[in-house]
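For the record, the sequence lines run as chains L and D. Numbered according to numbering that gives the first Met the number 0, the first sequence spans residues 0 to 250. Numbered according to numbering that gives the first Met the number 0, the second sequence spans residues 0 to 275.
Check before you lean on any hint, since a few could be wrong.
Keeping only pairs whose Cα atoms sit at most 27 Å apart, straight-line, the calculated DSSO-like set for lysine-lysine is [to be verified]:
(1) K188(D) <-> K138(D)
(2) K151(D) <-> K127(D)
(3) K127(D) <-> K161(L)
(4) K188(D) <-> K161(L)
(5) K138(D) <-> K127(D)
(6) K87(D) <-> K161(L)
Simulated from the structure, these hints should not be mistaken for laboratory data.
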Amino acid sequence: MNKTFRLGLGHVAFIVAFIAVWELASRAGMLDPTFFGRPSGIVAYLWNGFFVERNLWNDLFYTILAATIAFWAGSIAAVLVGLVFAMLPRVHKACEPYLTLLNAMPRIALAPLFLLWFGLGVGSKIAVAISLVFFIVLSSTVAGIRGVNSDHLVLSRALGAKPRDIFFKVTLPSAVPVIFSGLRLGLVYSLLGVVAAELLAAEHGLGQVLAYLQSTFDMNGVMALLFLLAFLGLSITVAMNWIERRLLVWQ
Amino acid sequence: MNDMTAMNAADSARAIGAPAIELRDLTMRFGVGTASPVLAVDRVSFSLAPGEFVSLIGPSGCGKTTILNLLTGLLAEEPEGDVRVLGKHPSAGNPDIAYMLARDSLLPWRSALGNAAFGMEVRGAPKKEREARALELLKEVGLGDFADKYPKALSHGMRQRCALARTFALDSPVLLMDEPFGALDAQTKLTLEDVLMRLWSAHRKTVVFVTHDLAEAIALSDRVIVMSARPGRMIADVPIDLPRPRSVRKLQSDHRFHEYYAHLWGLLEQGTTGDE
Chain L
0 MNKTFRLGLG HVAFIVAFIA VWELASRAGM LDPTFFGRPS GIVAYLWNGF FVERNLWNDL
60 FYTILAATIA FWAGSIAAVL VGLVFAMLPR VHKACEPYLT LLNAMPRIAL APLFLLWFGL
120 GVGSKIAVAI SLVFFIVLSS TVAGIRGVNS DHLVLSRALG AKPRDIFFKV TLPSAVPVIF
180 SGLRLGLVYS LLGVVAAELL AAEHGLGQVL AYLQSTFDMN GVMALLFLLA FLGLSITVAM
240 NWIERRLLVW Q
Chain D
0 MNDMTAMNAA DSARAIGAPA IELRDLTMRF GVGTASPVLA VDRVSFSLAP GEFVSLIGPS
60 GCGKTTILNL LTGLLAEEPE GDVRVLGKHP SAGNPDIAYM LARDSLLPWR SALGNAAFGM
120 EVRGAPKKER EARALELLKE VGLGDFADKY PKALSHGMRQ RCALARTFAL DSPVLLMDEP
180 FGALDAQTKL TLEDVLMRLW SAHRKTVVFV THDLAEAIAL SDRVIVMSAR PGRMIADVPI
240 DLPRPRSVRK LQSDHRFHEY YAHLWGLLEQ GTTGDE
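Put together the whole structure using the sequences plus the hints.
Shown next as structure tokens:
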């Protein structure tokens with residue numbers, strides 16, 4: 000039996016024990032299911048939501064859709080702005096105080112404003128998520144480009160590399176790992192922004208379902224949604240790690 | 000397979016007896032117009048014949064790296080005096096010049112092959128041609144089996160071999176080397192010096208080699224130029240009359256090698272203490 004297998008077995012045993020204790024404590028009346036739900040009830044809710052009434056698919060789709068759009072739009076905009084900053088340091092310097100101010104603001108506080116501007120649909124969710132993703136990816140892009148090894152620059156210049164070559168063959172590739180860690184964080188925050196905005200007010204989405212379940216005291220449903228969101232975040236992180244390992248084999 | 004235009008420049012320089020590199024009364028001041036201008040290099044004159052290997056030695060701050068950077072055309076300050084590389088004034092990105100630093104400066108996201116080809120790539124050589132030549136040079140430095148390895152998988156010595164391959168792959172007639180083996184351990188250094196000697200014998204470049212290692216300077220060079228502490232002045236220009244081809248390892252037990260060492264050491268001491 001190898002080490003990873005034993006570790007995996009340990010995790011499974013722990014989770015099974017945790018769920019069993021929860022279920023038994025709830026049935027024995029030690030844990031109030033009104034506040035904590037009950038594992039069997041949570042599974043029943045998910046089963047019903049995905050395979051009987053099938054209403055959760057639609058909400059899952061809207062949440063993922065909004066998070067994906069916000070991630071792509073926010074990241075692309077941030078990388079482009081970061082590149083412009085790298086090429087025009089004076090523009091960067093001029094913009095910096097405003098960006099610092101915007102970045103210091105708790106972005107979730109913008110949600111009511113965006114709901115007013117963009118309505119109850121995905122538009123306002125995307126806007127909130129972009130406001131988070133953009134700054135995360137921008138700061139990692141700027142940091143990555145700044146972190147270029149000066150030896151590489153001196154050598155490239157001495158060998159006769161043109162500024163364009165230096166930028167695309169030295170500066171940009173050296174920034175990729177830092178930009179990538181920003182993207183990974185950005186994707187997680189994109190989901191966070193969307194769900195937070197949905198909690199406030201929405202037509203569809205897991206956050207909206209969560210708010211509804213909470214207001215009707217359906218604790219099994221609330222717990223089910225929390226687990227669902229946690230797994231969604233986890234699969235994002237795992238997928239990004241996988242892509243990173245394949246993209247950055249040289250690291 | 001050689002870069003014909005570059006070779007022609009060196010050949011024609013040799014044919015008419017013109018020096019490959021010439022410095023006349025070179026004086027460098029930094030911070031001119033500020034409160035404390037620094038005289039870095041003071042009236043230095045020397046020249047290198049095509050194919051000659053000359054070392055610059057001297058204490059830290061003697062201006063040897065300044066002279067090298069001046070030849071690459073990377074310095075913003077204008078020197079006094081006249082400096083010529085193959086008859087031309089220095090300019091950044093001059094294709095007649097290849098440059099090598101103490102740190103290997105390999106790009107970590109490129110394989111050894113990609114790194115060896117990098118110099119040719121920024122100079123616009125076609126992909127097929129530069130990869131063939133890079134592989135050839137990697138074989139010459141003993142890295143033929145490591146062409147697809149990334150720098151993280153290479154040892155210090157191997158990385159510097161790869162940097163040598165990148166430098167020689169350029170086929171520029173003039174090589175400027177700034178303490179290229181300064182960061183290596185003693186044993187690896189000797190091995191790399193022999194690799195450099197082999198490459199130099201095979202490719203016959205004009206080399207300016209900056210080092211603070213006296214033994215290295217003697218073992219490799221046709222001439223050793225000794226400089227004083229700041230402001231950098233030339234103390235001596237010593238021809239090293241040891242037979243070629245040389246093996247740096249064998250030289251370690253040659254009595255003439257040690258005589259040169261003692262002689263140059265005395266000159267260096269003079270320059271450091273400032274006695275005339």
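Each hint tested on the structure:
| no. | hint | result |
| --- | --- | --- |
| 1 | K188(D) <-> K138(D) | holds (19 Å) |
| 2 | K151(D) <-> K127(D) | holds (25 Å) |
| 3 | K127(D) <-> K161(L) | holds (21 Å) |
| 4 | K188(D) <-> K161(L) | violated (33 Å) |
| 5 | K138(D) <-> K127(D) | holds (17 Å) |
| 6 | K87(D) <-> K161(L) | holds (20 Å) |
When held up to the earlier numbered hints, the structure conflicts with hint 4 and nothing else.
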